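Heads up: the protein sequence lines correspond to chains A and B, in order. When you line the first sequence up against the numbering used here, it's residues 1 to 476, in that order. When you line the second sequence up against the numbering used here, it's residues 1001 to 1092, in that order.
Any given hint might turn out to be false.
Subject to a maximum C-alpha distance of 27 Å in a straight line, what follows is the list of computed BS3-like cross-link-like pairs (lysine-lysine) [claimed, not checked]: (1) B/K1021 / A/K404; (2) A/K8 / B/K1021; (3) B/K1007 / A/K8; (4) A/K427 / A/K440; (5) B/K1007 / A/K15; (6) B/K1043 / B/K1029; (7) A/K386 / A/K404; (8) B/K1021 / A/K386; (9) A/K252 / A/K44; (10) B/K1021 / B/K1007; (11) A/K448 / A/K259; (12) A/K15 / A/K440; (13) A/K44 / A/K114; (14) A/K20 / A/K8; (15) A/K427 / A/K257; (16) B/K1029 / B/K1007; (17) A/K114 / B/K1029; (18) A/K257 / A/K424.
Keep in mind the hints are simulated off the structure, nothing from the lab. Just so it is clear, the structure is predicted and the values come from calculations on it, not from any experiment.
Here are the chains, one letter per residue:
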Amino acid sequence: MARDLSYKAVMSRRKEIMEKALGMDYSEFIRSPLAFDYEGMMEKVGYSLERVRAIQSEVGVGNTPLLELRNITELVRRTSRPGMGARILVKDEAANPSGSFKDRRASVSVYHAKVHGYRGVLAATSGNYGAAVASQAAIRGLDCIIVQETFDSRHVGQPEIVEKSRKCEAFGAEVVQLTVGPELFYVALMLLEETGFFNASLYSPFGIAGIETLGYEIAQQCRERYGKDPAYVVVTHAGGGNVTGTARGLRKAGALKTKVIGASVDLTGLHMASDTDFNRKSFTTGHTGFGVPFATWPDRTDVPRNAARPLRYMDRYVLVTQGEVFYVTQALAEVEGLERGPAGNTSLAAAIALARELPQDELVVVQETEYTGAGKHPQAQLNFAKQNGVIVRRGDPRENVPGKVIVIPEEFSQLHVTEFPMEKLRKSYLKNAVERTGVKEVTPEDVKFLAEDSRQTEDEVASYLEQLGVKVLGKA
Amino acid sequence: MHNIILKPGERSPDVPADTAKTPLQCWVKGWALEEAGVGERIKIRTPAGRTVEGTLTAVNPGYTHSFGPSVPELQGIGAELRKLLREGKSSG
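In isolation and in its complexed conformation, chain B is listed as follows:
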């Protein structure tokens, strides 16, 4: 679930201008203590045992981060170095 912790005008005086224009937002996961749909207010119990209230943003959220496609700029490095290693020994 999601909450706004600080609105743009309430932020620390130390944040740079671009950040100061945005609110400080927060997302916490937990188990629902009541029925709610996405976009509605909900109370949840967090893994550390806190009860918190906020706007439900996702049900059973998972992970989507990955490695992504192959990166051509990294591809040749191994072969180049192995070739160098095969070309005889160093002076030491």
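One chain only, chain A, in its complex shape:
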């Protein structure tokens, strides 16, 4: 009998398709519609940090250089109060085989797929992750399909994504290119069902375990070279995996005082699934269109429970503008001799402003770079923006309006961050938890889970849930 391939029918088979494609049954961790055993799930992966390091070292992933940005640090100090301006270091993740930290994420999934006898791997992603999975699959001898959101309905491709298609194909992968829309996951499900490939999801425990080595290496390298842990590690935040994995790695290294700061490009006002906004974003990742929804409700992915849970780990969340990221990308090339990014430099733009808050003997680590190339470059992105009617000019970055005006700063001193209140993210998380699950009452176990998941006290959670009209059971 032919399978029903309609949107509704495929989505209703989602659970069974996923279980087969991940070889993992999530039900043993799920405690209620809200609560699940997060640490139990992460443990169950069965890959310790040492094991992940061994897997990654086999395929040339990790152990990337930690570079000191001497000229940028000097510029920060020139534009700070006397004695202020922490040393800025960058983890050169572009040195990984496919050119980004995503190799860490892909390495464990592809290894796991190989060991468990899958013929191929599939990932639904328009980002560097596709190239990472394709590269790892090439190394391990598996077939690979990458499903991408590449074009608007006129078949005009975002240049950065078109470059990422090319990169995946360079590693021998099949790239399924789609027009804009969340049905990317529907297509991925159909293909998983058709091929029986492993789902190299960005959000499985394997993917997150792979990033822990990044946080661990940062702590080790800082201690070896500077005899101390970094004060801040700044992480470009989109889907939440980067923040989660890096912070877990830092904790495993014992760097408990290091603050983990998420940074995103502010794309407020643009709709992520909109056909007309698609080619006006000028950024394909590291922006608030992913950063805010994934922080305030992680369980919106292709897996039953997301292993990336940024609210558990993020100490602060800051926003930068599009123009500032392009500016620092150019600065990185011209005063540090490193042509990287652009999207990966979101955290660098934030780090420059954040380093001014700290004395000169402190360390601020920017935890990634990514490769650059045709299409995936400030020049390509700005030309494309202009073609799509976006104004590009120099000026005060505060005048930047996503989708309308990209303002490239005139002065280094103009680089700034806008604090996104954590309180707002936490409340929004609880609101989503209630709306998405439809719960009318919560148990003490639910409250405990929500408190851990959003880093609030149980009392804070209970009182806000009551304001939302939810009955808190077992409360005196």
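Since chain A is already given, all that's left is putting chain B on it; use the hints.
Quick look at chain B alone, frame taken from chain A:
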């Protein structure tokens, strides 16, 4: 080759209005399993070993993305920062 995966009326209820008016389209590359001209139906074998059918849109498609012309708004940044760096040391 090209295919329409979902027609406008079949799309996810979650897509915004402008996207809902458009079909979900798909392009896949592979090696032709039969003779066909552009605009005709064709069967191809993909790099992952799948056989798929659709409308042929291009033969030996390549890449045309580039850096594009120089962007004046980025031009001065390096020189400005180097000048700043040459003007003496910071307090620290």
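Against the structure, the hints come out as follows:
For the suggested pair B/K1021 and A/K404, the alpha carbons sit about 24 Å apart, so the restraint of at most 27 Å is met. The suggested pairing of A/K8 with B/K1021 holds, with an alpha-carbon distance near 18 Å, which does not exceed 27 Å. Proposed proximity of B/K1007 and A/K8 is supported: the alpha carbons are some 14 Å apart, at most 27 Å. Taking the CA atoms of A/K427 and A/K440, the gap is near 17 Å; set against the 27 Å cutoff, the hint holds.
For the suggested pair B/K1007 and A/K15, the alpha carbons sit about 25 Å apart, so the restraint of at most 27 Å is met. A hinted pair counts as satisfied when its Cα atoms are at most 27 Å apart, and B/K1043 with B/K1029 qualifies at roughly 11 Å. The hinted pair formed by A/K386 and A/K404 meets the criterion: a straight-line CA distance of about 10 Å does not exceed 27 Å. Restraint check for B/K1021 and A/K386: satisfied, since their Cα atoms lie roughly 26 Å apart, inside the 27 Å limit.
The suggested pairing of A/K252 with A/K44 holds, with an alpha-carbon distance near 17 Å, which does not exceed 27 Å. Distance restraint check for B/K1021 and B/K1007: the Cα-Cα separation of roughly 9 Å lies within the 27 Å cut-off, and the hinted pair is therefore satisfied. For the hint linking A/K448 to A/K259, the alpha-carbon distance of about 24 Å falls within 27 Å, and the restraint holds. Taken as a hint, the A/K15 and A/K440 pair is honoured in the structure, with Cα atoms around 25 Å apart against an allowance of 27 Å.
About 18 Å separates the Cα atoms of A/K44 and A/K114, which keeps this hinted pair within 27 Å; it holds. Of the supplied pair hints, the one linking A/K20 and A/K8 holds, its CA atoms being roughly 19 Å apart against a limit of 27 Å. Pair hint A/K427 plus A/K257 holds up; C-alpha atoms about 25 Å apart against a cutoff of 27 Å. Taken as a hint, the B/K1029 and B/K1007 pair is honoured in the structure, with Cα atoms around 21 Å apart against an allowance of 27 Å.
As the CA atoms of A/K114 and B/K1029 are separated by approximately 25 Å, the hinted pair is consistent with the 27 Å bound. Proximity of A/K257 to A/K424 is assessed by CA-CA distance (about 24 Å); at most 27 Å being required, the pair is judged to hold.
Violated hints for the displayed structure: none, as all numbered hints are satisfied.
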